[in-house]
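Those protein sequence lines, which keep their order, are chains A and B. Per this note's numbering, residue 1 is the first one in the first sequence, and the count goes up by one each step. Per this note's numbering, residue 132 is the first one in the second sequence, and the count goes up by one each step.
Keep in mind the hints are simulated off the structure, nothing from the lab. One should not assume that every hint holds.
Heads up, incomplete: computed chain A residues facing chain B, CB under 8 Å, no partners named [unchecked claim]:
| no. | residue |
| --- | --- |
| 1 | 14 |
| 2 | 15 |
| 3 | 16 |
| 4 | 19 |
| 5 | 108 |
| 6 | 111 |
| 7 | 112 |
| 8 | 116 |
| 9 | 117 |
Glycine residues also receive a C-beta, built at the ideal position from the N, C-alpha and C atoms.
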Amino acid sequence: MTTEGHVLLVEDDKFLRRACEASLRQRGFTVVTATDGEAGLRLARSEPRPEVILLDLLMPKLPGIEVLRALKADPATADVPVMILSNSSRDEDKRQAMQLGAVGYYVKANLSLKELAAQVSQLVKGHAGSR
Amino acid sequence: MPARVDLARLREFSDGTPEGLRELVEVFLSDSAQTMRELAAAVREGAAAQVELLAHRAGGSSAACGAARLSDLLFDLERLGRARAVAGAGDVMRAAEAEFVEIQAVLGAHLGKTQDRR
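Whenever a hint applies, use it, and build me the whole structure from the sequences.
Structural data, given as C-alpha cells:
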C-alpha cells in the first residue's frame, strides 16, 4: 500500500489526537501516535522512522520541549522535521521551540486541519528530497 | 452572548461526514468529562502540577473546537497550576464545571438532532 508519508503524532489530548490522526489518514498518510513524551521519543527512534513529527509541548512523563531537544541532539533523528502543536501563543515558547530546531509552531486554538495536512505534505516532500 | 461551542469549527475538525462529526463530539464529551473530573480532584487536593497538566490538556481541545469561554477558564486554571497557586482555584473550577455542563447540553442536543435525521 502506498502512503503519502509516515507521521508521528505525539499528543496527550484524545480529542486532538483523534481529529489530527483522522484528517491525516484521510489524506493518505500513515500515522503513528503517542500519548506522552517518552513514548513519542521511543517511536521517533523506531523503524519505520517518521518523516514528520507533530509534537505537543506540555505532556506527561517528558515535556515536548525536552523531546525536541533529544531529537535534535541525536544524529539519527536530527533531520526529521518537527512541528509543534501547542496551547501557548506566548512568543517565548515559540522562540524557544524554533531555536531548538522546530520547523513550525501551531497554536491549537487557531489550528486548521487542512492547513496542517498541507504543511505536513510539504515537509514530507522536503524531507524525502534531503535524504 | 457568543455560542458556547463553535459547531462549524467542530465540523472542520471532523472527516466531513455526519458520522465523523458525531464520533468526534462523543470523544470530546467523554474525554473532557473524564479530564474535568480529574482536574476537579486535583484542585481539591491542591496538586498544582496535575492542575497545570490537566487544565492544559482540556484547554487545548476546548480551544480547538471553539469552546472559547471554557478554554479561557481552563487556561486560567493552567496558569494557577503553573504558578503553584491553586489554593484559590475552586471558584474558577466551579465556573469551568458549570460551563462544561452547558456545553454538554448543547452538544447533547446536537447529537440528538443528528440521531433523529438518521
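Evaluation of the provided hints:
1. The beta carbon of residue 14 (chain A) comes within 4 Å of a beta carbon in chain B, closer than 8 Å, and the hint placing it at the interface holds.
2. A hinted interface residue such as residue 15 (chain A) counts as satisfied when its beta carbon comes closer than 8 Å to some beta carbon of chain B; here the least separation is about 4 Å, so the hint holds.
3. The interface hint given for residue 16 (chain A) is met, as the beta carbon of that residue sits about 6 Å from the closest beta carbon of chain B, less than 8 Å.
4. The criterion of a C-beta within 8 Å of any C-beta in chain B is met by residue 19 (chain A), whose closest approach is roughly 4 Å, and the hint holds.
5. A distance limit of 8 Å between C-beta atoms decides the matter here; for residue 108 (chain A) the minimum to chain B is near 5 Å, and the interface restraint holds.
6. The closest approach between the C-beta of residue 111 (chain A) and any C-beta of chain B is roughly 6 Å, which is under the 8 Å cut-off, so the hint is satisfied.
7. With 8 Å as the threshold, the beta carbon of residue 112 (chain A) comes within range of chain B, its nearest partner Cβ sitting at about 7 Å, so the hint holds.
8. With 8 Å as the threshold, the beta carbon of residue 116 (chain A) stays out of range of chain B, its nearest partner Cβ sitting at about 11 Å, so the hint is violated.
9. At its closest, the beta carbon of residue 117 (chain A) sits 12 Å from a beta carbon of chain B; the interface hint therefore is violated under the 8 Å criterion.
Checked against the numbered hints given earlier, this structure breaks hints 8, 9; the rest are met.
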